[in-house]
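Participant: Following the hints, complete the assembly by docking chain U onto the known chain S.
2 protein chains.
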Amino acid sequence: MPNSAEGEHRKQMSHVESTTTDRLEEILSSADNAAAELRRKNRTTLAGYLTTVADALDATADVLVPIGQRETNLPEGRLRGELKRTTFQLRLFAETVLDGRYLDARIDHADPEWPMGAPRPDLRRTHVPLGPVAVFSASNFPFAFSVAGGDTASALAGGNPVIVKAHSGHLELSRETARVVTEALASVDAPKGTFSVVFGTDVGRALVQDRRIKAVGFTGSIAGGRALFDLAQARPDPIPFYGELGSNNPVFVTKAADAARGDAIAQEFIASFTLGAGQFCTKPGTILVPQGSRIHAALSAAKLPDGVALLNERIRDGYIQALRDLQANGAEPLNAGLDPYGNLPSPTLSIVSAAEVLANPENLLQETFGPASLVVEYDDEQQLVKLASVFEGQLTASIQAESNDDVTDLIDVLVTKTGRLLWNQWPTGVSVTYAQQHGGPYPASTASGSTSVGTAAISRFLRPIAFQGFPEKLLPAELRDNTVDPVFRLVDGK
Amino acid sequence: MPNSAEGEHRKQMSHVESTTTDRLEEILSSADNAAAELRRKNRTTLAGYLTTVADALDATADVLVPIGQRETNLPEGRLRGELKRTTFQLRLFAETVLDGRYLDARIDHADPEWPMGAPRPDLRRTHVPLGPVAVFSASNFPFAFSVAGGDTASALAGGNPVIVKAHSGHLELSRETARVVTEALASVDAPKGTFSVVFGTDVGRALVQDRRIKAVGFTGSIAGGRALFDLAQARPDPIPFYGELGSNNPVFVTKAADAARGDAIAQEFIASFTLGAGQFCTKPGTILVPQGSRIHAALSAAKLPDGVALLNERIRDGYIQALRDLQANGAEPLNAGLDPYGNLPSPTLSIVSAAEVLANPENLLQETFGPASLVVEYDDEQQLVKLASVFEGQLTASIQAESNDDVTDLIDVLVTKTGRLLWNQWPTGVSVTYAQQHGGPYPASTASGSTSVGTAAISRFLRPIAFQGFPEKLLPAELRDNTVDPVFRLVDGK
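Protein chains in written order, with full-length UniProt numbering: chain S, 1 to 494; chain U, 1 to 494.
What the hints contain is simulated information worked out from the structure, not anything from laboratory work.
Misleading hints may appear alongside valid ones.
Given that identical chains are not distinguished, each listed pair holds provided it fits within a single copy or across any two copies.
Derived pair list, reagent style DSSO-like, types lysine-lysine, alpha-carbon separation capped at 27 Å [to be verified]:
id, residue 1, residue 2
1, Lys255, Lys303
2, Lys494, Lys473
3, Lys41, Lys192
4, Lys473, Lys41
5, Lys192, Lys255
6, Lys386, Lys303
7, Lys473, Lys303
With the rest of the complex left out, here is chain S (with noise of 0.2 Å):
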C-alpha cells in the first residue's frame, strides 16, 4: 500500500513542470507592477481580497481535499480541518487590515518648544507594503502554511504582491490551490500580478536573490532554510528573510508533576509527540522526567499508536536517519512499535541521561521530524535550569509542573531560548490568534523579532516612513488629522 501511495505520489508530481526562465521574468514583472497598483488600494479593498480568496477556497474544498490527500498520506478529516483554519486565517487578516492598528499611525503635530533644543516639525510616521514577497511553502501543512496560508495571507494583508514557490511534496495541489487563489483575485479586480506561483529549486534560488523581490517567507528545515537565507543576505542589496527552520520543543517536567499527574501527562505526551505522525514544527522532541518517573514508566508501558505514512519518501528517509543518528549518539530505545524503521513507521520512544545531553546536547537535541521523541531522565530538579540553557533556539518550550513547584530559575532561561512558553499544555496545535507568537532565537527564526503566526505576522511585510511637513491632502487617509479613516494614532505621544 505505501508502495502503491508512493507511486501514485510521483505520477501527481510530475504534471507539474518547473517554471521557466521566461515565465518567471513574466511573473516578476507582473509582480514589481501590481506592487505601484496595490500601494494605491485602500484597507477595505485589500480586505476584500482575503475574504474573496477564503470563500472560493471554502467553495473548492471538495476539489482540492482530494488531492491534497493522494498528493501527501494526511487523511481528508485532517485537510479539511487545516483548510478551514487557512480560510479563517484569510479572514482575520481582513479583520487586522481594517482595524488599521497594524499601522502603528504616530502623529507629531508641530512644536516651536519641544525641548530637544530644536523646534519639532510636523512628522507623521505610518507603514508601507515592501513589494513582491516570495514565499516558500512547507510540505507539511499543504494549506495552513502553503499556497494561501499565513506568509501569502500577511504579506497580501500588508499589500505586496505574492510569487509563492510551491514545495515538491504537493504539486498539484499547490497549482489547483493557486488558481483558485488567482481566479478570485481576477473576480475582484485585483491587480495582475497580485498573486503567482512558481515550481522549480532553481527557480526559487532565482527569485530570492532577484531584484524586484523584496523580502521572503519561508517554513522548512534548517538546511534549505540557512541556504535561502545567505542568498537573501548576500544580495548587493540585502532584504528581510523570515525563515521558520527548525525546533525542538522541550517539555520540562518537575518531579511534583510527575507524581500527581504522571500516568495523564505520559498519555497527553503521547498524543502530542505522535499527532499528525509528528511532522508539525511544534512536536515535542524532547520530555526531562525526573530519574524513576511515573512518566517513565508509563511511557514504557504504553502502546504507542500504529504508523502511519509520512509526507513523503525524502521526509521518511531523514527521519529514520535521524532516528538512527540519536540512537548512534547513546539514546537507547524505551518503546517503539513493531516497525520503528518501516515505511509506515511506528512511533519511537529513546532515553538519555541528563549528563548524555549536557555533554552532548547538539547530537542529541536535534529535531527529529517524525513520530520519535527522546526522554531525559535527570536526578536533580536543580538540573532543569541548566538542562534548559543547552537548548539552541526554540518555537516554543513548555512546563509541566505545580503551582507550588519553584520554578523561575527555569523560566527565566527559557525565556530567553522560545517564542511561545506553555504551562501545563501542549505545544502542537498553533492556534492562530491576536496573540499568537511562532518565531523564537535562531534557529527556530531567522528573525526572532517578528512571528509568522496570528495577526502580527502582517508587520513582516511593511516598512515605517514619515511624511514630514505635508499638506494634509497629501498625506495617507490614517494620517491626516481629519480622517474619514478612524484608525489608533498616537498622538502627540499620547
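Facilitator: What follows is chain U alone, placed relative to chain S:
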C-alpha cells in the same frame, strides 16, 4: 591651524589603547551576566537608569565638550546643543519605557468557540530584551550617535546591556563619556556589565561574532557597515544588524516652486548642505531643478560659506576623493569657494544634466560626505518621476512644490525609496520624537523595518514571546489580568 589641530588630535587618540582579548572576555562575560539581571528589572528601574545617565552627562558638559572640540573640530555651541539633544533623548526613552506601549502587550483569553476550528487557549504576548547589544558609534555626532547616543539609549531602555565600540575619531571623548555613564549606572546599582566601551577595529569584529552578542547597532559608512553586517549574518546564529549606512537625500523642485520661491529655496539649500560642513547623514546631496531655473542662477551667484576643518583627516581625504570622482563622471563645477580641495575644504556645487544622471546613476548619486552637493537640471517635470526611480534606498527625500502641483506620481515612487519624505522642508536636523523615522531601504538601512531615531527605535532590541496557559503569578506584570502595571493591552483583539 588645521595641521596643529590634527597633531593635537593624533596625540589625544594615542592615549587610548585597543581593548585586550582578556579584557574583552571580561566585558562580554559581565554583559552576559548583566543581561540575566536586567531581565528581572521592572520598567521604573530601567527608566531610572536612563534619567540618571542623562543627569550625569548634563552635569559633566564642561568636561566633555572641550574634549569633543579638541578631537572633532566641531565648535562648542554645536557640541553643547548635541549633548542637550543626547540627554533629552535618554529622558524621552525613559518616558517611553514608563508608558509601556512599546511592549505591544496582547491578551487572548481562552475561547472554546474560536472559529478557527479548535478552541483558543489563553495566550498572552509581550516583548523581552534580546541580551547584550554591540553599538558602533559614528564620527559625526560624537554625542548623539556615539557612546550615549540613540542606539545605546534605546538598547538600555529595552533592558539590554550595551557594549559600545568607540569611534576612532573621538577616542578620549568616548572613554570619558563611558566613564560618566558607567559611574552613573553604578550609583543606582545597575548590574555590573550593563554598560562598557571597547576600542579597536579588530575588537569590533570580534564583538559582532561573539555568541553572547545578540544584536548590533551601527552608524557609519556603507563599506564599514556592510562588512560588519556580513559578519553578523554569517554567524552560526545570525543576529539582527541595525546599520544606518549611506544616503544621498535628494531634493526634487518643481517648476512652479522654482518660479515662486527660487531664491529662497537656493538660500535654504545652501544652509542645509553646508550645515556642520555637510557631515550629516541627511545632508541634501542632490537637488533636481528645472533647466534655466532661478535656483541655478541664485546658486551660481551665491557666496558660499567659508570652508571649515572636517571631522578628521580620513573624512577629509574621503570627501575630496568623492568630489573628484563626481567630476570625473562629468559633473561640472557650478560654484565653489577659494579652496575646495584644501585642508579646510570650501563648499562646492557641481552640476549635471538629468540625462547624464539617468545614464550613470551609480556614480553620480553616491553619497559625498562633506560640504558638496550636486545640481541636476531637468527639461520636463515628468522626468522627476524617472529620476526618482534611479535612486537607491534613502534616509530622506524632499519635495519643493506649490500646492497646485500634481506630484502624486513622484510621491508614489519616493514612498518606495525613503524612510522620511519632506514637503518644503530640509532634511538636516533629525528631530527626536514619537513619529520620527530614520532608516529606509538599503543602503540607507540594513533593516528597513526599523528606525534608529525616535521612540520606535526601542523595538529593535526586543523580541516577542507568548505565554500559553500561564498562572497569573508567573506572568510578566503587564500580562496579568489584575495588574499593578497598567499599560495599554490589546485584549481579545480589542
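Participant: Each hint should be assessed against the structure and marked as holding or not.
Facilitator: Here's how the hints hold up against the structure:
no.: 1; hint: Lys255 x Lys303; verdict: within (24 Å within a copy, 82 Å between copies)
no.: 2; hint: Lys494 x Lys473; verdict: within (24 Å within a copy, 30 Å between copies)
no.: 3; hint: Lys41 x Lys192; verdict: within (14 Å within a copy, 52 Å between copies)
no.: 4; hint: Lys473 x Lys41; verdict: within (16 Å within a copy, 45 Å between copies)
no.: 5; hint: Lys192 x Lys255; verdict: neither (60 Å within a copy, 35 Å between copies)
no.: 6; hint: Lys386 x Lys303; verdict: neither (32 Å within a copy, 70 Å between copies)
no.: 7; hint: Lys473 x Lys303; verdict: neither (69 Å within a copy, 38 Å between copies)
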